[in-house]
Amino acid sequence: MADEKSRPSVAGSILVVGGGISGLTTALEAAEVGYDVYLVEKNPYLGGRVAQMNKYFPKLCPPSCGLEINFKRIKNNRRIKFYTMSEVQSVSGTPGSYDVTITQNPRYVTSNCTACGDCVDACPVERESGFDFGMAKTKAIYRPHEMSFPMKYVIDGDVCKKDTCVECIKACNYRAIDLKMQPKTFDLKVGSVVIATGWEPYDATKLDKLGYGQCDNVITNMMMERLAAPNGPTKGKIERPSDNKEVSTVAFAQCAGSRDENHLPYCSYICCMASLKQATYIREQYPDAKIYIYYIDMRAPGERYEKFYKKIKDDKNVFFIKGKVAEIEEDPGTKDVTVMAENAMTGEKLRQKVDMAVLATGMQPTGANTKITGDITYDENGFVIADLEKGGIFASGCARQPSDVMGCTKNATGAALKAIQTLVRR
Amino acid sequence: MDKKCGVYICTGCGIGKALDIERLSKLPGKDYNVEVCKTHEFCCGPEGVEQIKKDITGEGVNTIVVAGCSMRVNQDVFDFGPDKIVERVNLREQVVWCQEPAKEKTETEEEIREGVDLHIQFLAEDYLRMGIVRAQKSELPEPYMLESLSKRILVMGGGVTGLTAAVEAAKAGYDVTIAEKGPSLGGYAGKLRKQVAASHPYADLEEPIVQDIITAAQSNPKIELKTNTVVARIAGQPGEFTVTFKKPGEEIEFDVPQIVEQTHDEEGKELTKEQIDEIYAELNKGRADILTLDPDGQKFGAVVLATGWKPYDASEFANLGFGKYKNVITNAMMEEIAAKGNIVRPSDGKEAKSVVFIQNPKKGDDSDFPFGSSVTSLVALKQAKYVREDDSEAKAYIIYQHMRTPGLYENFYKNMQDDDGIFMTKGSVASIAEGADGNLLVEVEDNLIGETIKIDADMIVLAAGMVPTTKDDPVVNLAYRQGPGFRDIGLFDGYADSNFICFPYETQRTGIYAAGCVRQALTIGECIEDATGAALKAIQCIDSVNRGVSVHPRSGDMTFPDFFFSRCTQCKRCTEECPFGALDDDEKGTPKPNPARCRRCGTCMGACPERIIGFADYNIDMIGSMIKAIEVPTDDDYDPVPLRVVVLVCENDAYPAVDMAGMNGLKYSPMVRFIPVRCLGSVNTVWIKDALSSGLDGVLLLGCQYGDDYQCHFIKGSELCNRRMENVAETLKSLALESERVELQQVAINEYDKIPGIINKFMETIDEVGPNPFKGF
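For the protein sequence lines, the chains are U and H, in the order given.
Following the numbering used here, the numbering of the first sequence begins with 482 at its first residue and continues without gaps.
Following the numbering used here, the numbering of the second sequence begins with 18 at its first residue and continues without gaps.
Here chain U stands alone, though its shape is the one from the complex:
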């Protein structure tokens, strides 16, 4: 480095917890200033939630485009060290000096893996794909998706028959499988920590009146992303789960869980725009399909989003109804679903029969269910509250509040600077 001397003296490196779009952004932005970063990701791949999405609103561009650039940045940057299948157990210490304990779960596939895929043909065990929300199956040994980075296979240890089977070991020409791999725990010393643990789709089975889990053709918005994605379970063709029928009527139930004291009291920020976007997926494939969007408020704020909303409003086959969906029921014969709501403007009780209903389920911070042990404050909903006065530990992206991707990447960039400041100060 040409100017190592003139840089303020720094101590330690930065730990970024979570390798989704926010964590990746924080890690890369800091590393490209010249700081050492550890990136810890729970999944066997980087990219997080956005890797499952078909397109971003409002540009309707694929998230994998930005991920590819980010992965390229990681490949080109020796300052980032990342761990997949790993979780941070605890963080202790003070700003500038933290001890972090990390557990890495076994991938059962070593770095020898060339991703040739021979093992998949040999593997006799099938599992439901969590990546596709159970709408597709993979073998016990699988590649998370086409673009998964790192490009290595992984074995689902819960279903693999291990020593009683070993078909994959026989099939692998590269000695890349180690079924005896054990979880390992290791410690890192870092100067600052950025928590970017993101979000989970709110568990739609808790919305008992809305039929998810009971009616085949009630799906969530994240499932819709997979249905529309070219690498999804239907190769991008939107069809309803019960009978793979093409859809001619689809209802969207906004605020499914969000803005609801019994579920998520806050607004999840993205679901209005996501449903508008998903309306374009359907309308693109089905020129005659009719779409009903039930909402409390259409939250499409700002020039850019308002313009997108306007575009969808101009589509005569998309109907907007102000009213929260109260109940969804299934016709056991046809598997069609009926959406029930009260029109808030007219008071009219509405019953709309549709081929499929999409629940615009909100985002629940990962911190609601999994908290990192240490000096980290979570609010009552599981969002991280960073103590900026104290510094040292920061949050980025949806770990701190619901946000769209642009908001996450902006905030994640800022979090990189906060983390750097902590190191500079020492």
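Keep in mind that the hints were calculated from the coordinates and are not lab data.
Keep in mind that this is a model prediction, so the values were computed, not measured.
One should not assume that every hint holds.
As the list claims (entries may be wrong) - If you only want the chain U side, here are some residues facing chain H, beta carbon under 7 Å, derived:
| no. | residue |
| --- | --- |
| 1 | Tyr537 |
| 2 | Leu669 |
| 3 | Gly783 |
What the hints assert, rightly or not - DSS-like, lysine-lysine: derived pairs with alpha carbons at most 25 Å apart:
| no. | chain 1 | residue 1 | chain 2 | residue 2 |
| --- | --- | --- | --- | --- |
| 4 | U | Lys716 | U | Lys726 |
| 5 | H | Lys101 | U | Lys553 |
| 6 | U | Lys805 | H | Lys380 |
Ideal Cβ placement from N, Cα and C applies to all residues, glycine included.
Knowing the structure of chain U, use the given hints to seat chain H on it.
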């Protein structure tokens, strides 16, 4: 560098089964005199890598060609240090995984080991040839270093965003200058009575926090504060921007030159170059040329643009009584009143006890006011609270279509909903009438009550939007040949925004990072976060320039465009087409490269008709030679003659899509050869000529979607390329070649399923037009 090349062919992942490796491994020696050529069944494994390392130390190999998997994988495994050249030949994803295994025997079967298909073998051989040529033509990059570097950051705008950016950058050890147009710091955030909470739990009003940030800025010795100061011009490039400041309204020699926007005269005739020059000279009389550096200018490394917003001019809303009735005001006017004291109405200074907030300007249209946002929803709620705070008997009414309080701001909305004195409903304002006492009668239809609501209001507040300062003024005043402002800003309604969701700070002007309301309508809390991010980007840019490497999206790239000036014809195309305005030509038209502004896309290289621009590891000769390395079968040997098509493919998006097609086992014609390019914008038409004159039957270009929602990371690459190809079509016609032989297709990275269709369809087209008549010449 004295090159010693080694070729390493991997036979794993099905490569060895599908190809005649023995034949393939003879090629480097036979055709290119490469002495070291080895095979390994597991090149990326420990022994495979060891074999290469041994040759590096033992044989002095320093130029390594690995023929195996895609360049997108195992980059770390085949990284042998910065002093080695490594080229990858994609025999896996783009040969054996996307081609049918051998089926038919062919004419020259005796050459080919049993079970190996001729087409797939030829495909692999061509890729190996191209890889070796690429390695031979590649040079190790040397970074472009500035002679002197300023690490100081200029922050334009002393509002909450600018102040935050300055304080945050200073905390990381950087010197900062804030230039604020007004006499004092704080901007709009300093003129508020209160603000919506900028931190958890976002439920209440709080005292404006900007005062604390002003204090922090004032007490930080690293921050220089200039009030009553605007930027007359910013000249040069990141790391060495020369900035001229002036007092607002002053006219000085170093005011930035304006560009001529007029293209036609009054009669509609296109202006000649001379006429444009004349208008330019007249327009910029008394101003120094952009290349004249202000000797008294101050040096900066990077810029944060935080000039904020101004209230939307509400005079067009006469339908709501604005301009007609004194007591119809905007939210910005309301804030001014509230900051001074009690809420009093303009007509008679009487305290307003009943205030209606109108969120939507048009009946029957649920759009917000122009430039509205979640901020205008939150401000209505906030100001309703002011009314209630001043007098618990007073009433506030908010008439909205959509209450836009996203995320945790919902907490504030809920808190306001708990106040009985704030009445809110979705509804349309049907009429507003003024009474003799200045009171206003508001009728609201289509509301949640179900019948027309009549409100006797003391005052009406319109939720006017926040217009970015860049809407009608360049503001940044860049002394760039392409003009002083951001290009294509109209696409973003005048916001200094990036088009990229993943990369929100990447404007088309390197080293200038916009933040706050100049980029998007944001709350104070959001502005603070945005400012922190922009400060990091400014720091990162300075650090990258300091190391002589590129910033996003080719961050870390050490190469930069090199110009062979003695052959420049001053056509100015490079200056005009550069998406980042990196080039400034002088009065003769000779381009002055500003490598620190450059993002290394190669658009200049694609634009140059004299082909004098190139990079150490990417240039006209290299790609041209690779194209010429493709073996073209002739009808002397074959009937029918196998076709050959070269596909120039964007390495960021289309190339991964092609890889994924292979990973999914999708098959397509074996007649095509892919060559990755940095961006379609870098495609020079000479490559098309090279291809067709060497007998290839067609050229396909695969790039990103263009148009308003362009996906090109270099803004306009595929669009520019498409325009150039229109010219190529003309040239082809003059050569009696069919224009169908050259085609550009837009494909997104996730549309790998479309790759076989696109390729096979193009091959059908070429099949129809027939083999290139120049074959064998």
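Taking the hints in turn, this is what the structure says about them:
The restraint placing U/Tyr537 at the interface with chain H holds, with a minimum CB-CB distance near 5 Å, inside the 7 Å limit. Interface restraint check for U/Leu669: the shortest CB-CB distance to chain H comes to about 20 Å, outside 7 Å, so the restraint is violated. The closest approach between the C-beta of U/Gly783 and any C-beta of chain H is roughly 4 Å, which is under the 7 Å cut-off, so the hint is satisfied. With a C-alpha separation of about 14 Å, the suggested pair U/Lys716 and U/Lys726 falls inside the 25 Å cut-off, and the hint holds.
Restraint check for H/Lys101 and U/Lys553: satisfied, since their Cα atoms lie roughly 19 Å apart, inside the 25 Å limit. At roughly 24 Å between alpha-carbon atoms, U/Lys805 and H/Lys380 fall within 25 Å of each other, so this suggested pair holds.
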